[in-house]
Amino acid sequence: MATTTARPAPLDPHQHPAHEARLTVDDRRELMRYMLLMRATEERALTLYRQGKVPGSHYDGRGQEAVSVGSAFALSPRDRACILHRDLGAHLLRGVRPGRVLAQMMGRAGGLTGGRDGNMHFGDKDLGCVGMVSMLPDMAPVACGLALAFQMRSEPRVAMTWFGDGSTANGQWHEAMNVAGVRKLPVVFVLENNQFAYSTPNSLEFVVDPIERAASYGFPGVKVDGNDVEAVFQASAEACERARQGGGPTLIEAETMRMHGHGAHDDMSYVPPEMLEEWSRRDPIESYEARLHEAGDVDLDSLREEVKAELDSETDWALAQEMPDPSTATGGVFATEDPVMGDGKAPWSRWAKEASHA
Amino acid sequence: MATTTARPAPLDPHQHPAHEARLTVDDRRELMRYMLLMRATEERALTLYRQGKVPGSHYDGRGQEAVSVGSAFALSPRDRACILHRDLGAHLLRGVRPGRVLAQMMGRAGGLTGGRDGNMHFGDKDLGCVGMVSMLPDMAPVACGLALAFQMRSEPRVAMTWFGDGSTANGQWHEAMNVAGVRKLPVVFVLENNQFAYSTPNSLEFVVDPIERAASYGFPGVKVDGNDVEAVFQASAEACERARQGGGPTLIEAETMRMHGHGAHDDMSYVPPEMLEEWSRRDPIESYEARLHEAGDVDLDSLREEVKAELDSETDWALAQEMPDPSTATGGVFATEDPVMGDGKAPWSRWAKEASHA
Amino acid sequence: MPEITYLEAISDGLREEMRHDSSVFCMGQDIGEYGGAFKVTDGFFEEFGADRVWDTPLAENAMVGAAVGAAVEGLRPVCEMQFADFIACGFDQLVNVAGKMYYRQGLAVPMVVRLPSGGGFSGGPFHSQNPEAWFLQSPGLKVVAPSTAEDAKGLLASAIRDPNPVLYLEHKNLYRRIKGDVAEGRYETPMGELGVAREGTDLTVVSYGAMVHTALEATEDIDGASIEVLDLRTLCPLDRDGILESVRKTSKVVVLHEATRSCGVGAEVCSLIAEEAFEDLDGPVVRVTAPDVPIPFSPPLERAVLPQVDDVKEACRELLAY
Amino acid sequence: MPEITYLEAISDGLREEMRHDSSVFCMGQDIGEYGGAFKVTDGFFEEFGADRVWDTPLAENAMVGAAVGAAVEGLRPVCEMQFADFIACGFDQLVNVAGKMYYRQGLAVPMVVRLPSGGGFSGGPFHSQNPEAWFLQSPGLKVVAPSTAEDAKGLLASAIRDPNPVLYLEHKNLYRRIKGDVAEGRYETPMGELGVAREGTDLTVVSYGAMVHTALEATEDIDGASIEVLDLRTLCPLDRDGILESVRKTSKVVVLHEATRSCGVGAEVCSLIAEEAFEDLDGPVVRVTAPDVPIPFSPPLERAVLPQVDDVKEACRELLAY
Ligand SMILES: Cc1ncc(C[n+]2csc(CCOP(=O)(O)OP(=O)(O)O)c2C)c(N)n1
Ligand SMILES: Cc1ncc(C[n+]2csc(CCOP(=O)(O)OP(=O)(O)O)c2C)c(N)n1
Ligand SMILES: [Mg+2]
Ligand SMILES: [Mg+2]
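Protein chains in written order, with my numbering: chain A, 39 to 396; chain B, 39 to 396; chain C, 12 to 333; chain D, 12 to 333.
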């Protein structure tokens with residue numbers, strides 16, 4: 039079964055083949071910015087965890103920054119996202135402040151769930167996100183439902199969701215793929231193949247690369263280098279465009295590597311050292327930095343400064359947040375009003391242009 | 039993705055290509071016999087239903103006789119089966135007496151579940167069968183477990199299970215396929231595509247023929263004419279052989295048609311009349327009869343006589359069975375002894391030969 | 012007001028809501044052209060089209076999960092399980108995604124899952140279950156179980172308009188057996204309020220769903236005793252005050268349901284009474300329920316397992332004599 | 012007898028059974044080379060190999076279903092849910108296939124599903140649940156919930172040797188907190204018999220799992236009252252006689268569990284007492300449980316939701332004063 043492989047976009051936007059989504063210099067700066075912001079936020083979170091300020095366990099997406107940033111960068115403000123625990127970059131890009139994430143992890147009232155949930159189990163409904171549950175990949179059917187609403191109301195909107203390699207073995211993954219195919223839903227599935235499901239290697243989760251299954255559900259499967267942020271973006275932009283135009287779902291497989299343990303408690307003894315070494319040479323941030331450096335049109339030093347400054351003040355903000363009031367623990371089980379979701383930030387220059395044209 | 043299509047075996051066993059399973063004249067008589075027995079039993083059951091002797095609803099496999107008989111004919115005595123509600127022929131072939139089936143449907147004490155369950159929701163553990171549950175296709179993971187036991191004990195045995203086209207949309211179908219592929223389990227999955235899931239046509243259940251998925255789970259998918267009993271047998275025999283030799287699972291799709299409603303209450307208004315007409319011209323029993331007639335070496339009239347006589351006495355036996363004793367209703371929820379399964383009948387002449395050689 | 016069946020009342024209520032609110036739509040197996048296994052959505056496909064009457068693939072978790080997604084985006088999905096028993100196949104999405112969504116992130120999930128439940132017609136172990144108690148043990152889900160045609164329509168309307176996931180138990184054995192004068196047009200039966208099916212002073216029978224009718228029949232005349240029959244109607248949130256009020260009046264209680272016994276809704280009602288009305292009781296709180304067994308297929312076995320009129324009579328007699 | 016942790020006792024019991032009976036094997040996510048999320052099967056992969064310590068794909072229904080198939084063919088599978096919460100994803104196979112198999116067709120299903128359950132360490136809504144009550148409402152499943160290292164080993168042995176599907180609840184908050192002198196070699200703790208954690212005459216606290224320790228701590232000295240603490244150990248089948256015997260002695264009962272309240276195991280115990288021991292009661296049967304909410308993540312919220320020592324103290328004080 040044919041699976042196309044998206045190639046990194048050449049740096050000069052004027053030499054693009056027509057079908058490719060154009061990235062301005064500012065766009066590239068943003069891509070870099072959010073990858074740096076994700077890594078910085080997660081590094082800060084890990085510090086807080088080691089300082090004993092993060093209750094329970096702790097998970098991050100080290101090494102997978104290009105996947106969440108590159109894919110979410112294709113989303114328009116009104117699109118919706120169900121984001122995975124490895125994809126902090128997508129939250130930040132949609133407009134979640136790092137401070138609220140740190141507060142979330144510390145169980146503070148100022149966190150995204152006010153301390154009711156922890157880790158990456160959140161989504162800011164005011165930014166068009168539906169927070170993940172722990173059961174994987176349960177957000178895949180939910181994303182189908184978001185897409186179903188868009189389709190029924192003939193809105194040119196897209197639902198995007200992420201899941202790992204291990205999650206493709208679960209029945210809900212299949213049910214979501216099949217339903218999306220049958221209803222031709224405007225949904226983009228991003229399979230984040232980081233080589234392991236906790237300690238379990240791909241070889242124990244499936245025999246054939248799951249990207250091969252896409253065609254048997256009746257829609258395209260596109261495999262990309264998950265450590266190349268622009269390759270991920272290009273594939274995602276094409277998939278979103280297809281979905282908006284009624285072309286139905288796309289399964290994107292982003293090949294990457296989980297550079298930290300499954301959680302902070304996991305020493306990764308099961309990962310061959312040379313494997314880690316090889317992948318560390320393909321660090322998504324360093325390699326993009328090199329490419330931008332070549333192009334020379336993004337001031338990386340100032341960008342790093344910016345990010346660091348932002349993180350410092352965000353961390354202070356988070357640490358200043360109170361723990362939640364115990365008396366609120368039992369309230370708010372049932373809603374008294376209908377759901378209201380807001381739109382997310384969409385830094386890709388295309389949306390500003392379209393807005394100004396409109 | 040390549041899917042092979044098994045062709046009907048030529049009638050002269052001596053001209054078989056080596057890989058094909060040989061059928062003697064007696065074998066062919068047996069194939070015919072069980073198809074006739076299935077149809078006769080189901081016709082009798084329908085009569086009893088219309089006479090108000092069958093409580094609840096009533097389901098049969100009219101038109102699908104070649105699938106269950108052809109596939110189950112490949113099983114050896116020690117193989118195990120999880121049989122679907124359309125596949126009475128498989129039960130009869132493994133040794134279930136028609137009378138016990140009729141008694142089961144009438145909720146009599148002499149039925150296979152003693153009145154505890156009804157319809158086709160039974161399996162005779164003494165004949166190596168595990169009865170289906172209503173949730174579809176829940177027996178697929180169970181069949182994987184049977185196969186897992188064989189594999190762990192290095193026994194050259196096979197688990198066979200059946201499911202419908204609609205059931206392929208369910209998550210458990212995927213989980214079973216994937217697990218079978220990952221563990222290379224000796225299991226044969228028979229997908230019975232009878233064009234509808236209750237009233238729902240294939241087009242609303244999937245976009246691409248599910249047989250195409252087999253390769254993406256890492257094992258062969260074989261599509262056969264489900265109304266050609268020998269074609270079904272050949273594909274099944276090959277799949278069983280492969281499984282016994284450690285070659286892992288096979289997905290067989292038998293293309294057929296459900297000639298009755300989903301249940302006796304269903305008038306099939308949703309089925310285009312011409313579709314029914316076309317398929318009735320392909321009746322599995324009539325077409326096999328024609329072929330055997332050509333060959334001339336099976337006395338069909340005596341066979342019909344035999345079957346009718348058997349059904350008459352079996353029906354009398356069934357009608358003579360009592361209703362279960364209400365005082366037994368609440369007992370037997372928990373077992374006090376370990377499970378014991380017996381072996382099934384295996385009419386294919388090959389097994390008798392192997393036994394005599396051993 | 013025309014007299015219609017419980018089944019017609021459900022259809023009527025669903026149709027009214029769909030006509031009035033374009034965000035309401037149905038999902039389920041065979042609910043389209045075929046009109047559903049029990050014909051609740053008969054004619055809906057023709058009136059509302061394939062989009063709003065979606066014949067879904069055989070995949071309950073996908074159905075419930077997609078309903079959650081559509082609900083948070085502003086639609087009001089009504090899922091039909093072909094039989095309540097199949098909710099076990101959509102259980103995870105229901106208890107973990109739908110039920111916990113609002114508490115965790117303040118995002119409401121207005122959706123309904125219709126559960127054709129209960130036995131009494133040889134449905135066997137997989138077409139007769141009453142799964143309600145699972146969901147009282149799963150915070151964030153509301154549960155209703157109407158026993159009359161009027162409430163069937165009114166509670167469905169309330170369930171659809173409620174901003175939470177609501178499980179709507181429709182008892183299959185009431186579908187065509189029970190009729191009632193049902194108002195035309197739209198109306199709501201408030202959730203969380205029990206109904207008094209019959210007033211009485213000597214003993215209270217607490218029940219819901221099909222068993223309300225069993226209770227009424229059984230207690231029509233027990234040696235002239237005045238027996239109150241409560242129809243819970245909503246199981247979550249439970250009308251605790253309504254139950255306690257009746258108990259304080261009669262001081263004797265029989266709790267009756269068709270579901271199996273251990274950790275059933277009856278256990279919750281008994282415990283509530285034992286905790287809150289201990290001093291008002293003139294006798295033990297008695298449960299009449301199915302025993303802890305699967306529901307058998309054959310009529311004599313099924314009758315032996317499901318609570319019968321005589322079982323209720325006997326329980327009441329004993330308690331009255333206490 | 013060496014003193015080992017509750018966690019070590021589980022590993023020890025499982026290892027002993029696997030050494031002694033080659034038909035016993037394990038299935039679960041990351042239980043192989045990694046030794047399991049909580050290291051219960053640490054070293055098993057090396058000792059028993061990949062076949063008997065199967066690192067399964069992320070598919071709970073397939074795991075439970077495959078266990079059923081292997082069990083009826085004569086093996087004795089022990090499934091590990093990575094967290095008890097994930098049993099919702101294998102729910103259908105458990106309640107519909109495993110639970111009803113023997114009743115329907117006389118085919119026994121000797122299998123165990125291990126459920127690392129409970130909260131108290133900021134696991135949040137999906138890593139803290141206590142799902143036991145769902146399974147008391149699902150006929151055909153046995154449920155055990157040890158509170159001590161000794162019983163953890165003994166009940167696991169009994170569960171593995173039992174010819175029925177058994178849910179084995181191992182409380183995560185006891186894993187390393189609780190130690191005990193555990194006999195080496197193989198032994199069984201009989202299923203269906205409660206344990207008396209402390210004898211007493213004035214009041215009975217009925218509990219199980221981690222809350223047994225909360226009960227013991229809370230009732231160590233309440234104004235010198237003599238308080239009996241029952242450790243149910245097996246939740247299905249429930250030791251009804253054992254509970255009633257204690258109630259008849261003390262006449263006052265507090266039922267304590269960590270699971271949410273409505274239709275929890277506590278509801279069943281209260282109802283049993285209200286029905287069978289009404290005349291022996293000198294006060295209402297009081298439940299101390301988590302309220303009907305998801306278990307929150309942040310420590311102050313989680314503490315507010317899960318029963319604490321002081322909650323139990325207060326409930327006992329009030330009831331003693333009644
Ligand atoms: C249904 C379900 N079963 C088990 C788990 C426990 N679990 C948490 S993460 C994980 C591995 C997930 O692997 P993958 O899908 O590849 O995602 P990754 O963490 O690698 O990004 C498992 C098994 C779960 N979250 N959900
Ligand atoms: C999990 C589940 N959901 C719903 C049903 C209700 N139901 C019974 S039969 C049926 C259609 C099955 O179609 P298919 O798999 O093609 O089998 P067939 O009856 O056509 O042989 C449905 C939806 C079921 N049995 N199981
Ligand atoms: Mg992974
Ligand atoms: Mg079919």
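These aren't lab readings, by the way, just hints derived from the structure by calculation. Take the hints with a grain of salt, since some may be wrong.
Once the Cα atoms are required to be at most 16 Å apart in a straight line, the calculated EDC-like pairs of lysine to aspartate or glutamate come out as [to be verified]:
| no. | chain 1 | residue 1 | chain 2 | residue 2 |
| --- | --- | --- | --- | --- |
| 1 | A | Lys-391 | A | Asp-64 |
| 2 | C | Lys-50 | B | Asp-65 |
| 3 | D | Lys-50 | A | Asp-64 |
| 4 | A | Lys-222 | C | Asp-62 |
| 5 | B | Lys-222 | D | Glu-256 |
| 6 | D | Lys-50 | A | Asp-304 |
| 7 | C | Lys-50 | B | Asp-305 |
Here are some chain C residues the structure puts well away from chain B; computed CB gaps all over 10 Å [unchecked claim]:
| no. | residue |
| --- | --- |
| 8 | Gly-43 |
| 9 | Glu-44 |
| 10 | Phe-59 |
| 11 | Asp-66 |
| 12 | Glu-71 |
| 13 | Asn-72 |
| 14 | Ala-99 |
| 15 | Ser-133 |
| 16 | Glu-286 |
| 17 | Val-304 |
Idealized CB from N, CA, C, for every residue including glycine.
Cross-check of the supplied hints:
1. Lys-391(A) / Asp-64(A): It holds: about 13 Å lies between the C-alpha atoms, which stays within 16 Å.
2. Lys-50(C) / Asp-65(B): 46 Å, violated
3. Lys-50(D) / Asp-64(A): Roughly 48 Å between the alpha carbons, so the hint for Lys-50(D) and Asp-64(A) is violated.
4. Lys-222(A) / Asp-62(C): 12 Å, holds
5. Lys-222(B) / Glu-256(D): 54 Å, violated
6. Lys-50(D) / Asp-304(A): 11 Å, holds
7. Lys-50(C) / Asp-305(B): 13 Å, holds
8. Gly-43: 8 Å, violated
9. Glu-44: Given that some Cβ of chain B is not farther than 10 Å from that of Glu-44(C), nearest at about 6 Å, it is violated.
10. Phe-59: 17 Å, holds
11. Asp-66: Asp-66(C) not clear of chain B: closest Cβ-Cβ about 5 Å, inside 10 Å.
12. Glu-71: Contrary to the label, Glu-71(C) does not stay out of reach of chain B, its closest Cβ about 8 Å off (not over 10 Å).
13. Asn-72: Asn-72(C) not clear of chain B: closest Cβ-Cβ about 6 Å, inside 10 Å.
14. Ala-99: At roughly 7 Å from the nearest Cβ of chain B, Ala-99(C) sits no farther out than 10 Å, so the non-interface label is violated.
15. Ser-133: Non-interface label fails for Ser-133(C): nearest chain B Cβ at 4 Å, not farther than 10 Å.
16. Glu-286: Glu-286(C) clear of chain B: closest Cβ-Cβ about 30 Å, beyond 10 Å.
17. Val-304: 5 Å, violated
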